[in-house]
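K.L.:
Chain P: place on chain S using the hints.
So the chains spell out like this:
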Amino acid sequence: MLTKLENELLTRVGPGTPMGELVRRFWIPALSSTDLPDPAGDPVRVRLVGENFVAWRDGHGRVGFFDEYCMHRGASLAVAKCHDDGLVCLYHGWKFATDGTILETPNYKRSTVRDKLRAPVFPVQEAGGLIWVYLGPLDKQPPLPHWRFFDTPEDDILHHYSGRFDCNFMQLLEGTIDISHAQILHQDHLGRTNIKRANGSNFQSRSLTRGVDAEEFVCADDAPSVEVEDLTFGAHAGFVHEATADGRPVKYGRVSTWVMPFLTMNAPTTFVFNVPNDDQTTTFRSIVIDPAARTMDAEARALANEKLYGPESYYENGRYRFGEAEAWGQDRTRMREGSFTGVHGVIPEDSFVALSMGPVLDRSHEHLVPADALVIRVRRRLLQAARDLQAGVEPQMLGPGDLGHIGGWPQLLPDPNRWRSEIVPGHEPYRRGNTLAAEGAEEASTW
Amino acid sequence: MRASLDITVAEAIDDLCTQILEADRRARPVERVRVSPRTYDMVADARRAELIRGNALLVLGYEVISDDSVQTGQPRIE
Numbered sequence: 001m002l003t004k005l006e007n008e009l010l011t012r013v014g015p016g017t018p019m020g021e022l023v024r025r026f027w028i029p030a031l032s033s034t035d036l037p038d039p040a041g042d043p044v045r046v047r048l049v050g051e052n053f054v055a056w057r058d059g060h061g062r063v064g065f066f067d068e069y070c071m072h073r074g075a076s077l078a079v080a081k082c083h084d085d086g087l088v089c090l091y092h093g094w095k096f097a098t099d100g101t102i103l104e105t106p107n108y109k110r111s112t113v114r115d116k117l118r119a120p121v122f123p124v125q126e127a128g129g130l131i132w133v134y135l136g137p138l139d140k141q142p143p144l145p146h147w148r149f150f151d152t153p154e155d156d157i158l159h160h161y162s163g164r165f166d167c168n169f170m171q172l173l174e175g176t177i178d179i180s181h182a183q184i185l186h187q188d189h190l191g192r193t194n195i196k197r198a199n200g201s202n203f204q205s206r207s208l209t210r211g212v213d214a215e216e217f218v219c220a221d222d223a224p225s226v227e228v229e230d231l232t233f234g235a236h237a238g239f240v241h242e243a244t245a246d247g248r249p250v251k252y253g254r255v256s257t258w259v260m261p262f263l264t265m266n267a268p269t270t271f272v273f274n275v276p277n278d279d280q281t282t283t284f285r286s287i288v289i290d291p292a293a294r295t296m297d298a299e300a301r302a303l304a305n306e307k308l309y310g311p312e313s314y315y316e317n318g319r320y321r322f323g324e325a326e327a328w329g330q331d332r333t334r335m336r337e338g339s340f341t342g343v344h345g346v347i348p349e350d351s352f353v354a355l356s357m358g359p360v361l362d363r364s365h366e367h368l369v370p371a372d373a374l375v376i377r378v379r380r381r382l383l384q385a386a387r388d389l390q391a392g393v394e395p396q397m398l399g400p401g402d403l404g405h406i407g408g409w410p411q412l413l414p415d416p417n418r419w420r421s422e423i424v425p426g427h428e429p430y431r432r433g434n435t436l437a438a439e440g441a442e443e444a445s446t447w
Numbered sequence: 448m449r450a451s452l453d454i455t456v457a458e459a460i461d462d463l464c465t466q467i468l469e470a471d472r473r474a475r476p477v478e479r480v481r482v483s484p485r486t487y488d489m490v491a492d493a494r495r496a497e498l499i500r501g502n503a504l505l506v507l508g509y510e511v512i513s514d515d516s517v518q519t520g521q522p523r524i525e
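Protein sequence lines, in the order shown, are assigned to chains S and P. Sequential numbering from 1 applies to the first sequence in the numbering used here. Sequential numbering from 448 applies to the second sequence in the numbering used here.
For reference, chain P alone in the conformation it holds in the complex:
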């Protein structure tokens, strides 16, 4: 079986983490993170059991928003 080489979530988490740390250094508040619907679905799928229990969908401690205007590979904080 050929291994999947899709690393969308690993890249998105790293991009968001870098942006959050940078915002922190500049004392800019972060409210939530926005990702593409595809990335959102991948994160939600991984956290399905937790969501069923009623937990919020958080990444790096921030609420995640699925946003049609965000390209996969270009997640952003706000």
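Chain S on its own, in the form it takes in the complex:
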């Protein structure tokens, strides 16, 4: 639970809010590259952390990211026209280059404005099929973290998804870091029993039971032991389940990794960014690398996509289209036919639960339990970081190097106390430790 004031601090991201200021210190995946498919194509309006922007691509393919409203008289540049060398406001013809240079001011012949002013633009980079923007102070601009999917061939990307949902980003983020709901809410899709297929192509088995050499793997334990640990760039939690592999009792470990402020990695090849468009709207961006995608035919790919995203009919212009009046997409008929949730697709299941909480959940009424430990820790870390930033302390971030070592595969654990070294050895340099581990060093978990 949080107090109402803590909840406000956590969830409000508009200009001038402490959480908004924190989020603006990080590179934000604002768009998919495919949202700006053509050089000198149509500009796109972008809502991000409670502000409106416009993104566009010039004739050379360079991306510009501007305040939405023309610096001259405030007309929206979302209705402007892209030329090869710049974006032209339709009101008075002012033309801007991607770097903010004012190229033309047809209704003002002197050069003063062009020479002395620049349009309000923001640093932008394109990598991994995404367009990243930095909205914070220029002197605090960090390097863009280099995620594994930046270098992954397109054929090996199984999913590159984005969907917009009408709820606060924390509701979706708390869902993606919370592994303990997965085999309950998603039991239709993920299930508790995994049977190895002869061709080894079982998507379900790959995602849930990597490293398990068994014909049948069952994980019926819905109350795993949980251990949370701070990392310099976020936090991770080890979840250890009782399970059986061909009837033999085994320990099955999974790690959920949270990277400040809104990235979740439940495997080294799975990236979920919950990007706040504003306090009540979030874009869920998911990228899943799977080399098996290369060998999938169109039908298998479509099936895998539908399993994750749900049917295309769930979306309208990228927005999940079901609201309260449609029970957020739940179909009771499907439930009577055997579906657990009445919603099809893992992400729609996550999101329909998040949406059902309302636009901004009041966390003062919650009854948390220890299984929610990572949710509790992530809230604390975000609140602390927002508070620290107000006091002049900058958040710690991942460096620009190759980050292929972040995240870990779910797997069997010979020794459940060694979940860190077995599942996420790459996190070792980033461990912060905590007071308890220091105080109880002799009994603290072994690395």
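Because the hints were derived from the structure by calculation, they are not lab data. Heads up, some of the hints might be wrong.
Where chain P lies over chain S, by a calculated footprint (3+ residues, C-beta under 8 Å) [stated by the list, open to error]:
1) 161-170
2) 374-384
Pair ranges (Cβ atoms, derived) [what the hints assert, rightly or not]:
3) S:Pro-15 x P:Arg-479: 41 to 51 Å
4) S:Val-393 x P:Ser-451: 50 to 60 Å
5) P:Ile-512 x S:Ala-325: 42 to 52 Å
6) S:Pro-153 x P:Ser-513: 43 to 53 Å
7) S:Asp-222 x P:Leu-498: 24 to 34 Å
8) P:Ser-451 x S:Ala-292: 44 to 54 Å
9) P:Arg-495 x S:Gln-141: 16 to 26 Å
10) P:Pro-476 x S:Pro-153: 47 to 57 Å
11) S:Gly-358 x P:Arg-479: 31 to 41 Å
12) S:Arg-73 x P:Leu-504: 55 to 65 Å
13) P:Asp-488 x S:Glu-154: 51 to 61 Å
Where is the CB? At the ideal position from N, CA and C, for every residue including glycine.
P.N.:
For chain P alone, coordinates are given in the frame of chain S:
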């Protein structure tokens, strides 16, 4: 309006959760949690409607005790 930067309850819940999980790993039973009167009041205030209905004041599934000897920021399990 300047946002409140007081995160006492968020920190207390996290500290208690960490202690409970640690106790669980060591097979040590937990009976209740003790917090400072200030933290107790903040939690009770958030749960006022529920308390009026007669519910117990629980945090993380355990009864909460207001304890003068506990400093704010140093909640503990017992």
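K.L.:
Each hint should be assessed against the structure and marked as holding or not.
P.N.:
To see whether the hints hold, each was checked on the structure:
1. Given a C-beta distance limit of less than 8 Å, the hint that chain P covers the region 161-170 of chain S is violated, as 0 residues qualify and 3 are needed.
2. Counting residues of the region 374-384 of chain S whose CB lies closer than 8 Å to any CB of chain P gives 6, so the stated coverage by that chain holds, three being the minimum.
3. Distance hint check for Pro-15 of chain S and Arg-479 of chain P: the Cβ-Cβ separation is about 43 Å, which falls inside the suggested range of 41 to 51 Å.
4. Between Val-393 of chain S and Ser-451 of chain P the CB atoms are about 18 Å apart, so this pair departs from the stated range of 50 to 60 Å.
5. The hinted window of 42 to 52 Å between Ile-512 of chain P and Ala-325 of chain S holds, with their beta carbons roughly 45 Å apart.
6. For the hinted restraint 43 to 53 Å between Pro-153 of chain S and Ser-513 of chain P, the CB-CB distance of approximately 60 Å leaves it violated.
7. In this structure the supplied range 24 to 34 Å holds for Asp-222 of chain S paired with Leu-498 of chain P, their Cβ-Cβ distance being about 30 Å.
8. Judged by the Cβ atoms, the range 44 to 54 Å given for Ser-451 of chain P and Ala-292 of chain S holds: they are separated by roughly 49 Å.
9. Taken as a hint, the range 16 to 26 Å is violated for the pair Arg-495 of chain P and Gln-141 of chain S, whose Cβ atoms sit roughly 45 Å apart.
10. Distance hint check for Pro-476 of chain P and Pro-153 of chain S: the Cβ-Cβ separation is about 54 Å, which falls inside the suggested range of 47 to 57 Å.
11. Roughly 32 Å separates the CB atoms of Gly-358 of chain S and Arg-479 of chain P, a value that falls within the hinted 31 to 41 Å.
12. Our hint of 55 to 65 Å for Arg-73 of chain S and Leu-504 of chain P holds, since their Cβ atoms are close to 57 Å apart.
13. Between Asp-488 of chain P and Glu-154 of chain S the CB atoms are about 56 Å apart, so this pair conforms to the stated range of 51 to 61 Å.
Figure legend: structure checked against the earlier numbered hints; hints not met, in rising order: 1, 4, 6 and 9.
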